[in-house]
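Asker: One letter stands for each residue in the lines below.
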Amino acid sequence: MTARAALLQALIAGPGYGLDLIERVKRQTNGAIVLGQGSIYPALRAMEDEGLLESYESEPVPERGGRPRVFYRVTAEGHRAAQGDRSAMMGLLGLTPGAA
Amino acid sequence: MSRSRKAKRRKNAHAPPVDPRPAVSLNFAHERGMVHRDIKPENILHRGEMSRADFGIDGTADDASRPLDPPVHSVAQASHPSPAIRALAVLAGFAAGEFLASASPPAPARPRRAERALGLLDRMLPRRIAVEEIGDALEQLARMRAEGASAPAVWLVVTLTWVFCLIHWFSYALGKVKGKKRRR
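So the protein sequences, as listed, match chains F and H. In the numbering used here, each residue carries its 1-based index in the first sequence increased by 2. In the numbering used here, each residue carries its 1-based index in the second sequence increased by 1067.
List of simulated lysine to aspartate or glutamate pairs, EDC-like, C-alpha gap at most 16 angstroms:
1) K1245/H with D51/F
2) K1107/H with D1086/H
3) K1243/H with D51/F
What the simulated footprint calls covered on chain H by chain F, stretch by stretch (three residues with Cβ under 8 angstroms from a Cβ of chain F suffice, anywhere in the stretch; the number is not a length):
4) 1186-1199
5) 1203-1211
6) 1232-1242
Keep in mind that the hints were calculated from the coordinates and are not lab data. The beta-carbon is built from N, C-alpha and C at its ideal position, and this holds for glycine as well.
Starting from the given sequences, assemble the full structure and let the hints guide the process.
Answerer: Laid out in C-alpha cells, this is it:
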C-alpha cells in the first residue's frame, strides 16, 4: 500500500492534519504502516494538486508557535479514488463477491 | 491635569510594568501574623531584579484590631511588643522578603534551543512549509516534552525536520521551475 492510498483511507474517517494522520494510519494498521514526516507532506500536497483533497487552516495553535494547523479533507473525487483503492485491495485479498 | 492627559496619550508599551512582589510579600507576612502598618514607596527597596519590602514591623496580626491612630512610623516609636519580639519579627520579615525575592515570578520563558533552531528554518522557507512541517514538528516536540522524551530524541526530530524541510523546499522550487518550462 502506498502512502497516498493509506492517507486517503485515513482521511475517509474525517479531516486531519499531518501529525494526526501519521498517528491515525499507525493506529488503524496496528503499527504495520508508519508514515514518516518526510513522505506525508509531499504526498498530501500532490493529492491536493490532483483534486483528491482540499486543505484549510485552523485557528493559530500556541504549541505550534502560533501557527495554524493545515487540515485536509477528501473531495468527491477523492472518495471515488478511495473506493477504487479499497475495491482493488479487496480483490487482491480475494474478498470480493465471486472472487473465490 | 495636563500631566494626566499627556499620560493618557502614552502608548501601552511605555507604561511601566506593575511589580506584584511587594504586595505578595506583605500578604505572606500577614498570613504569618505580622502587620506592617507603614507601607509606602520609601519602605520598598528595589535592587535591580530584586525588590524587598522594608518590614517596619509594628505588631502581630492579633494587634490588627487595635486602632491605627496615631500611626506608628518606625519600630523605635512602637510602644509594644517587647524589643526582643520586635527584633525577631523584623528578622522573620527580612527572611520572608528574601524567600519571596528568590521565589518571585520568573521572567518570561525564553524559547528553547530546539524551538529556536526550527525558528531559524522557519524564516528561510515558504509559508506553507513553515506552517505545516515546522508547525507539526513543534507540536510533536511539545508532546515529547510532556511525555518526558530524552534530549537526543528531541534533537533527532529537529534534525530530521531540517533535512525534510530543505528537501521539500528544493522539490517545491524544482516543481515551480518545471511548471514554468511546461507553460512555455
